[in-house]
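Q: Make the full structure from the sequences, and use the hints.
In order, the protein sequences belong to chains A and B. Following the working numbering, the numbering of the first sequence begins with 1 at its first residue and continues without gaps. Following the working numbering, the numbering of the second sequence begins with 1 at its first residue and continues without gaps.
It is worth saying that the hints were derived from the structure and are not from the lab. Be aware that one or more of the hints could be misleading.
Result set (DSS-like, lysine-lysine): computed pairs, CA atoms no more than 25 angstroms apart in a straight line [to be verified]:
no.	chain 1	residue 1	chain 2	residue 2
1	B	Lys-51	B	Lys-142
2	A	Lys-198	A	Lys-188
3	A	Lys-198	B	Lys-61
4	A	Lys-198	B	Lys-142
5	B	Lys-230	B	Lys-160
6	A	Lys-157	A	Lys-78
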Amino acid sequence: MFQIARDVFIEARRNHFFWLSLGISILFLFVTASFTSTDEAMRGKLFLESGISILWLVHILLAVFFTTETLYDDLERKSIYYYLVREVSRLEYLFGKFGGIVLSVGASLLITGIVFTVCATFLNGFQPRCLVGLGFIFLELTLAIAVLVLFSTIFTKLISIFAFFFLFFFVSLLEHYLLGADVGSLVKGFLLLIPNFKYYGYLNMIVHAKEFSLKYMGFLSAYTLVFSMSSLLLATLQFERKAL
Amino acid sequence: MTLIRPHMGWFFALSLSLAIAGQCVLLRERQDSGIATLQEDVISSLRSEFKFGLSSYLWKKLDFYMHNSEWEEKESGDQIAYYSSLVNTKEFRPLIEWSIAIDPSFTEAIAILSNTIAVSFGEVDEARDILRSAIIHHPSQKRIYRLYGDYGLIEYQLEKNYSRAIRFFHRCFETLSRLNPREWTTDDRFNLRNFGLSAAISAFKIGDVQIAYEFHRLSGFEQGPEEFQKEMDHILALRGELKLKEHHPLRRFPGKSSHDHDDHEAGELSREKEGALESEVLKKIVQNRSNLDSRLHLIPQLNPRFFYPVSWELTAILFGAFILQMGGVSLWRMNR
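A: Here it is as structure tokens:
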């Protein structure tokens, strides 16, 4: 399992999209930092919001495309058999792939996160909320990758991408509409079982938050762990049934 | 990595078609609303759409930043209410200046910028320059009355130059003819009453009671200081215009504000209604603050964006579920 994760990480280093996203993030961070440094009023929340948004956007796209590329390329190039014939179970294969992708995207986030934190410190002094913001993005990426792994075992590549973005936006929207309505506990329970990405909203919880909530961070970590694990287990069940 | 492949062509074609279709729908909507006209070519329409969208986005951002800025405390009975204001919003100037730079015909933003920097920051000359520049460079604005009115307010409130203020208020009501009364929004009504009253008091201060009454009438017979009001009521009785007072268009209150600023809705209501609404708003603010004190600025427990309250209990249940999942995985691996 760890070997698979390591292979994915090595593969990521050869991936053009990976380096491109890294370059774009750093470039945009520098541009934003230079721009916001011109005005004292822009150095605080505005830089924080812009910086976290850049990192979030680039890494969520990286996670989507890198996950689908990695998983579908293995099937297309038949390299999946390289692992499966070596007494690696399908569960270990999927968990290994998941670990490798999380590690690769996490490494990219770490590098760009360091650049972001240095810029933020240079502009407005060290702010712990930068690190919490990176934590939010990392947790969201972890869940996103797990959901994409699940979809990749069910759908084709394009449908997986569409399904992910549909889930990403639709669940929050559906919930938003149901909030005012008098819905039963069955509907509420159903909504609770679907991964919901609104909990990772960094604008309210990081940029404009007056204080940090340990309770919220605990909840978010537990939420990510449970839903990621559930997605991976469902993915394994589906993958076990799949004829290769 | 081969991200783009020939078979993905249909995907890009579909995305492009959807984008064009969406833009067409938007343009059609804007044309129907009279914001974009058919005389404009597509490129300039798209450009103005983009500018309008980006400028509005920054404007909305400003609203969000304001409501999340440092709060001011104010005692209200036995409770303390907390208000947010533009003055305490550090990001006010860059956001609004960028919003105006992108769309220089954004009348409302210009008026708020000039008014805030004049009244709150005391930069009267700069406020005047902003208004003058907006009037000169964009004379065809539909709501240009607002800029003249705000100029008049600066002269009336800050400079105490009443005769100069009256000139601007006069121009303000002249240019109001560009706007059909049916298009008056809540903000328009509030501003017109404010400008009318300020003009009337200015005229009263320089001793021109008849002009003061005319502006008083234009303001929808808005209540002023005692001495002024006594004189106005006297003229009203002499002219027999009580019915006009009751049915004045500015005294009718439509339901909706031109923009979705909940906190600004009090602007269009009568004073009694304003009082009632203020106490409601205060209650809300006090409640928000008590929530804020508990842990976080936007509290997951009570934030309507959260369907389920975030609590330690829920966190413990989720962690328990995760441990069970891990146990299940371990058992599965052992069995294999």
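Q: Against the 25 angstroms threshold, does the CA-CA distance of Lys-157/A and Lys-78/A hold or violate the hint?
A: The given pair, whose Cα atoms are some 16 angstroms apart, holds under the 25 angstroms limit.
Q: Within a Cα-Cα threshold of 25 angstroms, do Lys-198/A and Lys-188/A meet the stated pairing?
A: 15 angstroms, holds
Q: Is the Cα-Cα distance between Lys-198/A and Lys-61/B 25 angstroms or less?
A: 19 angstroms, holds
Q: Under the criterion that the straight-line Cα-Cα distance not exceed 25 angstroms, is the pair Lys-51/B, Lys-142/B satisfied?
A: Roughly 18 angstroms separates the two Cα atoms, so the pair holds.
Q: Verify the proposed pairing of Lys-230/B with Lys-160/B, using a straight-line Cα cut of 25 angstroms.
A: It holds: about 22 angstroms lies between the C-alpha atoms, which stays within 25 angstroms.
Q: For a C-alpha distance cap of 25 angstroms, please report whether Lys-198/A and Lys-142/B respect it.
A: Not OK: Lys-198/A and Lys-142/B at ~40 angstroms, beyond 25 angstroms, violated.
Hint check: a violation occurs at hint 4 only; the rest are consistent with the structure.
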